[in-house]
Amino acid sequence: MSGPNTDYDPVEVDALKPEEVEAARDAALAAIAQAADLADLKQVRTAHTGDRSPLALANREIGALPPQARKEAGQRVGQARGAVGKALAERQVVLEAEHEERMLVEETVDVTLPTDRLPRGARHPLTTGAEHIADIFVAMGWEVAEGPVIEAEWLNFDALNLGPDHPARTMQDTFWTDPEDHGLVLRTHTSPVQARTMLTRTPPIYVVCPGRVFRTDEYDATHSPVFHQVEGLAIDEGISMAHLKGTLDHFAAAMFGEGISTRFRPSFFPFTEPSAEVDLVCFVCRGAQVVTTADGVETCRTCRGEGWIEWGGCGVVNPRVLTACGVDSERYSGFAFGMGIDRTLMFRHGIEDMRELFEGDVRFTTAFGTEL
Amino acid sequence: MKAPVSWITEHVDLPAGTTTEQLAARLTALGLKLEAVESPGDQITGPLVVGKVLSREPEPQKNGKTINWCAVDVGAANGTGEPQGIVCGAHNFDVGDLVVVVLPGAVLPGDFAISARKTYGHVSAGMICSAAELGLSGDHDGIIVLPPDAGAPGDDAFDVLGLHDDVIEFEINPDRAYALSVRGVAREAALAYAAEGATFRDPADRDVPAPTDDGHPVELHDTDGCPLFVARLVEGFDPAAPTPDWMVRRLTQVGQRSISLAVDVTNYVMFELGRPIHAYDADTLTGPVGVRRARAGERLTTLDGTERTLSEQDLVVVDESGPVGLGGVMGGEATEISAATTRVLVESAHWDPTSMFRTGKRHRISSEAGKRNERGVDPAITEAAADRVVELLTTYGGGSAGGVTVAGSVPDRAPITAAADLAARISGMDVDHATTVAHLEAVGCTVDDRGDGTLVVTPPSWRPDVTDPHDLVEEVARVVGYETVPSVLPTPDAGRGLTRDQQLRRRVGRTLAGAGCVEVVSFPFVGDATFDQLGLPADDERRRTVRLANPISSEEPGYATTLLPGLVKAAARNLGRGAPGVALFETGTVAFPADAGPAPIYGVDRRPTPEELTALLTAVPRQPLHLGAVLAGEQERPGWWGPARAAAWSDAVALVHRLADELGVPLEVRSDVRAPWHPGRCAAFVLAGPAGRVVGHAGELHPRACRATGLPERSAALELDLDALLAAVPATAPAPVFSSFPLAKEDVALVVDAGTTTAEVEAALRDGAGELLESIRLFDVYTGEQVGAGSRSLAFALRFRAPDRTLTEQETGAARDAAVAVAAERCGAVQR
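If you read the sequences in order, they're chains V and H.
Quick note on our numbering: the first sequence kicks off at 47 and runs consecutively.
Quick note on our numbering: the second sequence kicks off at 63 and runs consecutively.
Be aware that one or more of the hints could be misleading.
As the list claims (entries may be wrong) - Footprint (simulated), chain V over chain H, 3 or more residues, beta carbon under 8 Å:
# : region
1 : 529–537
2 : 540–547
3 : 562–571
What the hints assert, rightly or not - Here are a few chain V residues that sit away from chain H, every Cβ distance over 12 Å (derived from the structure):
# : residue
4 : Ala69
5 : Pro113
6 : His228
It is worth saying that the hints were derived from the structure and are not from the lab.
Keep in mind it's a predicted model, so treat the numbers as computed, not measured.
Ideal Cβ positions, reconstructed from N, Cα and C, are used throughout, including at glycine.
With the hints as constraints, model all of the structure from the sequences given.
So, in structure tokens, the structure goes:
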């Protein structure tokens with residue numbers, strides 16, 4: 047490098063000769079254009095713009111020129127360096143894009159590989175079914191009431207007009223706690239929850255009571271000593287069987303689809319008077335008793351050709367029950383209904399054997415997911 | 063209750079062309095629910111005729127059996143009039159007997175087509191039939207032998223056998239005891255077809271003789287238990303007289319076996335009128351018969367041969383020798399009708415239903431008579447029923463009607479006062495005043511319309527169940543027709559929605575399912591063997607269960623105190639069925655004895671007082687809601703990502719943490735020893751705060767428990783008191799306050815004794831680090847030469863941040879040193 051020289055002739059400095067600067071620029075531009083990938087380009091960048099590159103060296107010589115010569119030389123070198131820098135940046139963008147394209151191709155995977163490292167969980171249909179039913183009633187302004195499964199005999203029977211000598215007590219084969227005269231049973235229905243509700247709240251009352259109940263039944267495809275019920279109780283002024291019918295029609299439609307309604311048949315329950323059995327229009331054949339399949343017209347299997355499905359029992363709350371539970375039966379009337387959740391799920395989902403609900407086989411439960 | 067259609071229509075004229083199905087449907091709509099229709103002839107087609115046996119040649123066979131080669135006269139039914147050659151394997155008939163013959167071309171039940179076929183060296187042209195082959199019930203092994211007057215050879219046997227007569231079986235509710243009789247069913251049939259003009263002819267409507275002086279003396283000592291007792295004598299009865307064929311057939315149709323004329327007649331009248339009748343051999347009775355309560359220690363051998371010790375609450379029929387029958391429930395053996403009985407005393411009595419129910423239950427006697435007497439029989443037909451029995455006995459058994467005794471009287475019936483519009487208000491139906499009165503009268507009530515909006519209604523004698531105004535509502539409603547109840551949705555005030563607990567329980571289920579667990583629902587019954595399998599110590603509180611008096615299995619007499627037995631069983635079942643691993647959970651109540659003495663039984667004429675209610679509720683065992691989970695076998699599947707991962711203690715602990723995080727409940731962990739967990743791998747979870755209550759445990763199951771229950775080793779489990787956990791969920795989650803100033807990181811590695819838990823060291827660090835500490839997390843555990851035997855190194859990442867400034871290195875370092883100092887002081891930790 048030349049030292050400072052106040053009357054130095056720029057054209058006498060080789061590195062600053064126009065043809066030298068142009069040659070260096072052109073060499074750089076050519077190298078940039080030829081760079082095949084980002085690594086190449088990095089080398090080109092070092093070779094043509096680094097400290098030891100011709101243009102960098104030329105740039106340093108400018109300071110050695112006399113002031114009157116610096117401007118022209120500066121412009122010449124500056125333009126060359128600018129052109130090289132711009133070309134580098136452009137080439138960088140192109141090569142990065144090419145690199146990414148290539149990388150994306152190389153990173154291709156088989157997206158059909160299994161990813162089920164963790165098995166899926168599920169909630170039991172008896173749980174989600176009870177929730178589904180509760181939600182139907184909550185949407186109507188009802189509440190969900192609960193109570194213990196080991197229950198006082200008085201609440202399970204007496205308060206519900208099932209006195210000790212009532213023949214209907216033998217209809218419900220009861221598990222008694224030991225000793226038998228201690229007045230405790232495994233509740234035979236969720237009705238004691240209704241009694242508890244009436245004893246602890248004042249009307250109007252609109253509650254559903256889902257829960258586990260017990261009877262000394264055989265354990266087979268359609269019976270179980272442990273099963274589940276949902277009962278409903280409405281106590282208000284002016285309640286009639288018409289409100290019961292309206293509620294059950296709504297329940298049936300919400301549970302089984304629009305247009306599915308109920309019918310009543312006279313029946314007997316000590317806690318209701320009048321009492322009724324409630325049947326559901328078969329939600330498969332919709333009352334037609336037959337279904338059309340690929341093989342022709344067949345008897346509907348869901349309702350066994352009846353057109354109706356037995357769903358549960360219901361009625362107007364017996365005023366004797368209201369009295370025992372402290373509700374003014376002159377002012378208030380009420381209705382109550384009850385049905386098996388297990389049974390409801392069995393025909394809603396085509397569960398053939400009730401025992402599948404209690405065996406805990408994950409293949410069964412997982413099929414129902416986490417909501418019903 | 064089974065009722066042959068022919069018997070029903072004897073007492074009611076139904077519109078012509080009424081089918082059995084139509085009748086059954088109308089009766090169902092009135093409250094007599096159709097259970098089944100038996101149409102015995104439906105499955106038989108073709109010639110089924112009366113035949114007369116002309117000859118019968120027994121032919122022994124090589125297989126040891128003897129067959130009979132018979133010639134049977136079937137009249138012109140075979141087209142030729144020649145005797146029919148038939149092979150018959152039965153032997154209960156003779157030449158000259160009338161039998162039932164099915165001819166070739168006919169089809170018997172089970173699509174059994176009859177043809178002439180070669181068998182035992184003969185061509186058998188048809189078959190002599192047994193009851194079973196015709197699809198009829200019957201306890202006879204052999205073929206049917208018809209009575210000599212049944213018909214002539216060649217007659218159609220369908221009518222002879224009653225094969226065209228459908229039998230309707232009804233499910234009768236306890237309030238409709240009157241329908242446990244043909245009388246009651248026919249009455250309802252008339253009601254069902256009233257609009258078509260059907261009328262009911264009451265079979266009990268008969269003139270009965272007045273009491274006579276020569277009647278058997280009767281003394282009633284308990285008119286509450288037995289208000290009316292009718293005794294009728296039949297003299298000169300022929301005990302060998304057969305029961306007429308038509309009666310045997312009807313008894314068979316209703317499911318009653320024929321025994322002897324005297325017994326059959328009493329049964330027949332019971333099915334016809336609903337009034338159970340008892341017949342005594344009058345010669346075995348000594349002195350007057352009486353009715354009283356049994357005396358302590360008295361014994362009676364009943365008809366079934368059982369000697370019974372009587373209770374002072376049992377009603378007994380006595381003579382001078384003592385009890386001769388359990389009144390209304392079962393007669394005594396010593397005075398029953400025998401093959402030598404010539405003098406019959408017919409008892410028709412009205413009994414108190416409650417007494418009947420209690421005696422039946424006490425002595426475990428379930429009989430057709432008891433079923434009617436305990437539900438309530440029409441007291442007004444007591445004399446008529448006795449008279450009907452006497453009529454049938456004298457008609458078919460010879461002899462003559464003797465003395466008549468009537469002791470007591472028909473009890474009075476209390477009328478019911480009800481608002482005239484009650485039926486309309488309660489049923490919600492469009493039913494006016496006149497219709498209400500008309501329908502009450504249609505079901506047999508006497509109605510006194512006071513004209514002031516009230517009705518004074520006396521129910522009919524056959525309806526002891528009708529006692530309350532609401533009973534009248536049901537009667538009106540069922541006659542109007544339940545199908546006309548309108549559908550009106552009630553509109554309650556806005557409700558409160560699900561309670562917080564109910565919402566939280568849903569969240570618990572979703573959290574566990576989201577973590578890969580599958581919910582199960584198990585039976586909550588446990589026994590000692592269950593607890594032994596799990597290795598619970600003898601004094602473990604979970605072994606003290608609420609015991610059942612009548613459990614399903616004597617092996618499992620207790621109500622569950624823990625959910626683990628059911629979960630373990632379900633897990634083993636899944637693995638047994640080929641699942642490589644399972645993660646199961648259950649939420650359910652468990653129970654602990656209340657130790658509060660018997661739960662009181664109160665009256666029902668008023669609400670219990672608050673004190674009474676408290677006494678009642680505290681006698682009920684405590685039943686907390688628990689959450690349990692069992693993890694066994696493969697928890698992560700093998701795949702291209704790597705090998706499978708089996709359950710470990712940490713899976714169970716992680717589930718509890720995940721749940722606690724979800725619920726926002728801070729839980730502290732400490733190591734514990736509790737069955738059925740591995741003593742070195744059991745975590746107890748403690749609610750934060752001064753109460754410090756243990757809410758549950760999680761960890762690896764004890765290897766012995768795994769072996770005993772068939773689970774793979776290292777299976778893990780957890781059980782929590784969900785009620786306690788949910789009670790600790792904060793009502794609202796306060797918004798967090800966090801800083802956006804830079805984070806300062808400090809990692810420390812501390813060497814501690816192997817027995818010191820991470821939780822202890824972490825708590826010490828947390829306490830020492832002070833307010834600037836934002837988070838702390840264990841990121842490495844090292845054991846090995848560098849820290850020496852019996853020690854381990856725990857590496858924690860401490861993260862510091864200040865709310866209002868960037869921390870200086872000095873501040874962060876000081877906080878770290880303070881943390882380490884407390885860990886050193888409390889846990890003997892030495893920084894590496």
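Now for the hints, and whether the structure bears them out:
1. 529–537: holds (count 6)
2. 540–547: holds (count 4)
3. 562–571: Held - the region 562–571 of chain H has 3 residues with a Cβ nearer than 8 Å to chain V, which meets the minimum of three.
4. Ala69: holds (52 Å)
5. Pro113: Holds, because the least Cβ-Cβ distance between V/Pro113 and chain H comes to about 50 Å, which exceeds 12 Å.
6. His228: violated (4 Å)
Hint violations for this structure: number 6 only, all remaining hints satisfied.
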